[in-house]
Every structure is written in structure tokens, then in C-alpha cells.
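Enquirer: Since chain A is already given, all that's left is putting chain B on it; use the hints.
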Amino acid sequence: MKHNELETKNELQEKSLFDKTVGRRSFLQYAGAGAAGVALVAAGCKKDRGYETPTMNGGVTIDFKDDFGVLNYAYALEQLEAAFYIKVASAPPASFTAAQKAYFQDIQFHEIAHREFFKKALSTAAIPGLEVDFSKIDFTSATSVLNTAMTFEDLGVAAYNGAGKRIKDPGYLLLAGKIVSVEARHASYVRDLIKPGSFSDLSTLTAFGADVAGALDGALTPDKVLPLAQPFIKTKISAINL
Amino acid sequence: MNILNILEEIEKVDGEIYERLSPRRAAMKSFFSVGKKLSLAAMPLALGSMFQKAYGQTAPASVTDVLNFALALEYLEWNFYNHALVATPSLVPDANGAKAAITVIRDHERAHVNLLKGALNIASPTDPATDGYKYANFQFEAVLADVFTNYQSFLKVGTALEDTGVRAYKGQAGVLKGTDVLTTALRIHAVEARHAAHLRAMTAASLGVNLKPWISYAANGNDTGISLVDANYAGEQNTMQAGIEINGLGGASQTQAAESFDEALDGVAVKKLANAFIKDGFKLT
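Chains as they are written, first to last, in the working numbering: chain A, 10 to 251; chain B, 469 to 753.
Don't take each hint at face value.
As the list claims (entries may be wrong) - Simulated restraints, written as ranges between beta carbons of each label pair: (1) B:Lys567 to A:Pro179: 37 to 43 Å; (2) B:Gln607 to A:Gln239: 51 to 57 Å; (3) A:Ala108 to B:Asp648: 36 to 42 Å; (4) B:Ala744 to A:Lys177: 32 to 38 Å; (5) B:Ala610 to A:Asn250: 17 to 23 Å; (6) A:Pro179 to B:Ala563: 41 to 47 Å.
Claimed, not checked - Chain A is nowhere near these chain B residues, computed Cβ spacing over 12 Å in every case: (7) His551; (8) Thr556; (9) Leu559; (10) Ile590; (11) Gln620; (12) Ser621; (13) Ala686; (14) Ala737.
No lab work stands behind these hints, which were simulated from the structure alone. Here a beta-carbon is modelled for each residue, glycine too, at the ideal position from N, C-alpha and C.
Okay, chain A solo, but in the shape it has when bound:
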């Protein structure tokens, strides 16, 4: 039953590749996902985004002067998460149960949906696709995969929580809120897989700014988040006007 569900999902995914509503960049991303090493969008695609912010040494600069900066920051983190889960869902660790495979497939599509949403919403203001670096992750090891997933989700929650205050448009703020609680649900699920009952163990999240006494989740400003995400992203990300 579960197996059939997965097959159906894979068929749907394949079918969408041939749907003409899927843009060239999306196709490239899927092609990349199918290839041996997951490379996100090739840097050469950035020209057709029309993104004007100066880049140095092939890096990307996120300008936090307005809401577009915050949205691009979210877009960068969602790119990282999506690339990670695409890789996990395409070849899950052998010890994953059918239920775990199905949920990681779900998470993959949630993160792809977030990534594609930001790309569309930002349109020509979007930063280019980022090249990821997962060389330190052992995708055959459940421990390695789960711990990385937990880090990405907990960090994602802290990143949205810490950046929310910068958002000026109430509509964008609401959208960030709609996404961050889903990331927190992911974090809760992955944590329970690693250690049952650790879904909201804030004492392990103090490095991300969690407050145990107040039962407050993590919150980190972009200047704290980006250095933590950078080891997994080959493209150098710089932040200005923070």
C-alpha cells in the first residue's frame, strides 16, 4: 500500500517534468536531482532572473534593505533544504521504514513548494540558484541524514523567527508565519525519530537562541544563520544592510 503510494508519487513527479508549465529552471533542477551529485541550478541561469545585486567571485549578495532581501534569504534557505531532501528522498537510507520514506517524500515536496513559491513571488528580484555542498553528509546513514535534517529544520525555524521582525509587509509576514510552523512540524517529527519525546527539547536548542525558562523556540538573526548554513552551500552568500 505504502509502496504503491510512493510509486504513484514518483510517477506524478515524472509526469510533471513533461508538463509544459514546469519551467526550464525547474527541469534543470530535476535533471540535477537525478544526476549522481545533486547540483542545484547552474550559475549560468542567473542572467535570466535579472537580479541586479552585485555578486563577487560568483557569490550571491542578499541586500536586506527591504522585504525582498528577507524573502531572498528565505529563498536561499529553502533552496538548501529542498536540495537536501531531494537527495534523501531519491535514495533514502536503507534502514528507513516505508512510513519514514513516505514522510521524507512529503517533506521534500513541502520544501520544493517553499522554494518554488519564493522563486515565483520574487520573480526578477530572486537571487540565482545556489550550488550546495553535501560532501560532509553520509546519505546512506540514517543517523547522518536525520541529524542533518534536524539541524536544517531547527535552524530554519530560528531563521524565520529571527527575521520576522524585519518584514515590513503584513502579507509577507503572514506567509513567513505559514511556512515556519510547517518547518517546526518537520523539526518535531525528525527529533522524535532521533530521540522519542525530544520534539520540543528546548535545552538542546540554546545555541539557536532558544529560551528554556520562557519555553521559547530558537531565533537567530541572519548574520548568525548564514555562517551556520554556509558550510552546506558552495556559493558564497554575503549579506548587506543588516
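Expert: Chain B in isolation, oriented as in the chain A frame:
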């Protein structure tokens, strides 16, 4: 006492008073006809009820209002878990870490209560039993009679409470925009979402149903299969975000599209849902 003068006075500070009242034309009509028969002494009472209809359960407009609203919801949650753990200690089993998890969640709600009270400069609690809302002010059994005698009923209500709490905080974000209070609210919001995901897993395991940690697609928004809480999930089926259709985006199915974004619930809707658990005289307005 002239009601038209009163309305004119209100219009000076609230230009929308006639708009607020106009959907209630029928109520106005009956008010006037009843008014003829009322003595002058009874007028303020009748007026009060009319204005409560116009203004009652409006969305919180200020940061303080939001904090008080959040405090009320946290009290509600804390009382729910605390009553289960203290008054009916055999309800939540020790097995599979269930009682430990409910205890963690209860303690988090208490921490949120204390934090919000601090933010509102309400004197810090000395005796929880006499602090703020008392358990006696709540009526969880009025919503589900066996909520404290049937573990599965308890889980169902807990799941709906947490999912609704997540929606409630999201609904107030706009009021808090650009403030440090927003950051605090977001941090509470994320903890509630962690609770919600875990309670959904507990519910799935206990009831043997396929309930995911994230809110899946259902035609009416309610993926729990518990019709009692349909209103708590109304709107969660949405797959359109900022004019962008998520269904099919990057290969996401309708279900995954609905899952990938949680939906907000406005203050009016949340208060209505919360009030079902709160006794008369203490209900949120």
C-alpha cells in the same frame, strides 16, 4: 437619551459604526421596536447588547490586546493539560513516553503564561490555583463529555487545541509587525507547532489512524476525521498562496501543497472556538 445622538458621537471616533451595524439591520429594527416598549431605565442595557453585537469579538488591535488574547489561550491550554495530569492521573498512560510528553507540553504552556504575564506587568504568580483563570472557569467536558475519562478523546481535543493555537498566533502577526513582541510570539508559535506535530503523532498511534505531523489536505480543511473540530481546521485546505497556486508547483500534489503552508485563523474565529471551552462569565470578548 437619544440613540441617534449616541450613534453620531460614536461616528466621530469610529467612522464605520453604521457599517458595523448595517449587517444587523434586522437586529436594529427589532431593537427599535422593542425600544418603544422599554422603559428609559432599561435602555442602557439594551444598548449595551446592541453594541456588543457590533463590536463584540473584534480582532485585537493593539500589542497589549494581542498579549492578553495570547495569555487567555495559554491559560486555556495549561488548564487542559494540567487538569488531565493532576485530576485524572490515570488518563494519560506512562507507556511510550505519553505522560512525559504531555508533562513537557503542560510545562511549556505554563512558561508561556508566566512570560506573557511578565510582558503585561501582571504580578508574578504565587499560587497557581488562584492565579488568573481557574480550572473552575473552564468546561472542557461541555465540548466532549469524556475528554478526561477517555484517553483518545483527550488526544483529539489536545491536537485540535495545539493546531488552533498555531493558527491563532499566526492570525495576530500583522498587529505585532516590526516589534520585539512579534519575535517572542513567533518563538511561542513555533513551540506550539512542535507540540501540535507530536500530539498528532500520539493521536495517530493511539487511534490507529493515518494522521500526519503536518495538516494534510481535506476538502473542508479538517484532516483529523473528527467532525467536532471542523471549525478549528476550516481553511487549512487552501493551496493558493499570494496568488500562486502551490498545487502542482515543483511536482507537489494537492495534499503536499496544503501541507506545506499552515493557515492563519483570525481573532474572531479563535475566540469563538476558545469560548466553547470557557464558562459563561469568563468568555473572551
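Enquirer: It remains to establish, for every hint, whether it holds in the given structure.
Expert: Hints, one by one, checked against the model:
{"no.": "1", "hint": "B:Lys567 to A:Pro179: 37 to 43 Å", "in the structure": "41 Å, holds"}
{"no.": "2", "hint": "B:Gln607 to A:Gln239: 51 to 57 Å", "in the structure": "53 Å, holds"}
{"no.": "3", "hint": "A:Ala108 to B:Asp648: 36 to 42 Å", "in the structure": "40 Å, holds"}
{"no.": "4", "hint": "B:Ala744 to A:Lys177: 32 to 38 Å", "in the structure": "36 Å, holds"}
{"no.": "5", "hint": "B:Ala610 to A:Asn250: 17 to 23 Å", "in the structure": "53 Å, violated"}
{"no.": "6", "hint": "A:Pro179 to B:Ala563: 41 to 47 Å", "in the structure": "45 Å, holds"}
{"no.": "7", "hint": "His551", "in the structure": "19 Å, holds"}
{"no.": "8", "hint": "Thr556", "in the structure": "21 Å, holds"}
{"no.": "9", "hint": "Leu559", "in the structure": "18 Å, holds"}
{"no.": "10", "hint": "Ile590", "in the structure": "15 Å, holds"}
{"no.": "11", "hint": "Gln620", "in the structure": "20 Å, holds"}
{"no.": "12", "hint": "Ser621", "in the structure": "22 Å, holds"}
{"no.": "13", "hint": "Ala686", "in the structure": "15 Å, holds"}
{"no.": "14", "hint": "Ala737", "in the structure": "15 Å, holds"}
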